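Novice: Sequence:
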Amino acid sequence: MAVVGAGTKLFLSNWGVASDPHTYNALGIKYVVNCSMELPFVDEIVETQCASPSRPLDPDLEGPLMQQPIHAELRVKLTGRLRVPVQDGTDQRICDYFLQSVQFLQQAVDSESGHILIHCKHGQSRSATVMAAFMLHMTRRAGAPKSTEEVLAELKACRPR
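In terms of this note's numbering, the sequence shown opens at residue 1 and continues consecutively.
Calculated directly from the structure, the hints in this document are not laboratory data.
Owing to the predicted nature of the structure, the values given are computational and were not obtained by experimental measurement.
Accuracy of the hints is not assured; some may be wrong.
Dumping the calculated SDA-like pairs for lysine to any residue here, alpha-carbon to alpha-carbon at most 25 Å [claimed, not checked]:
#, residue 1, residue 2
1, K121, G16
2, K77, M37
3, K77, H22
4, K9, T79
5, K9, L78
Okay, the calculated beta carbon distance ranges per label pair [to be verified]:
#, residue 1, residue 2, range
6, N25, S111, 16 to 22 Å
7, Q100, D43, 30 to 36 Å
8, G89, A144, 30 to 36 Å
9, Q124, A144, 33 to 39 Å
Positions of the beta carbon are idealized from the N, C-alpha and C atoms, including for glycine.
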């Protein structure tokens, strides 16, 4: 997982990290941008498993919650969540979701009520693209605009792949 920008308020990760309720509770994550069509939000998984522990989970999903029983103390309470419904591929128009994503992330940063996690399955393409769009927005808002190349270099320094 990478800590990126706005102090230590923004986190970028893959599904393995994003599916672990310990991560949310330990880091105070209250907002999530889920850049996938298929991955559930962690609070949905926890609530489903707490309500119906014998219900089978999706065998195609991997992550900490997929291999163990879930206990009620692991419940995650999110303040805000946003799904960016794109698949991993060059034919996807993730740019169609930039405005909505930036507005959501800006409100989350301004709220000062918790940290923010942006994730996709591998934490490399979709989530990093949304993070880069938000970082560009933040630099312009701060009156110190950076180029796309500069923002991508910062992002790559935090999360090399």
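Novice: Please go over all the hints and tell whether each is borne out by the structure.
Specialist: The hints, checked one at a time:
1. K121 with G16: Holds. K121 to G16 sits at ~8 Å (cutoff 25 Å).
2. K77 with M37: With a Cα-Cα distance of about 21 Å, the restraint between K77 and M37 holds, given a limit of 25 Å.
3. K77 with H22: holds, 12 Å
4. K9 with T79: holds, 14 Å
5. K9 with L78: holds, 15 Å
6. N25 with S111: 16 to 22 Å: holds, 19 Å
7. Q100 with D43: 30 to 36 Å: violated, 20 Å
8. G89 with A144: 30 to 36 Å: holds, 33 Å
9. Q124 with A144: 33 to 39 Å: Cβ of Q124 to Cβ of A144: about 27 Å, so the range 33 to 39 Å is violated.
When the structure is compared with the earlier hints, violations turn up for hints 7, 9 and for no others.
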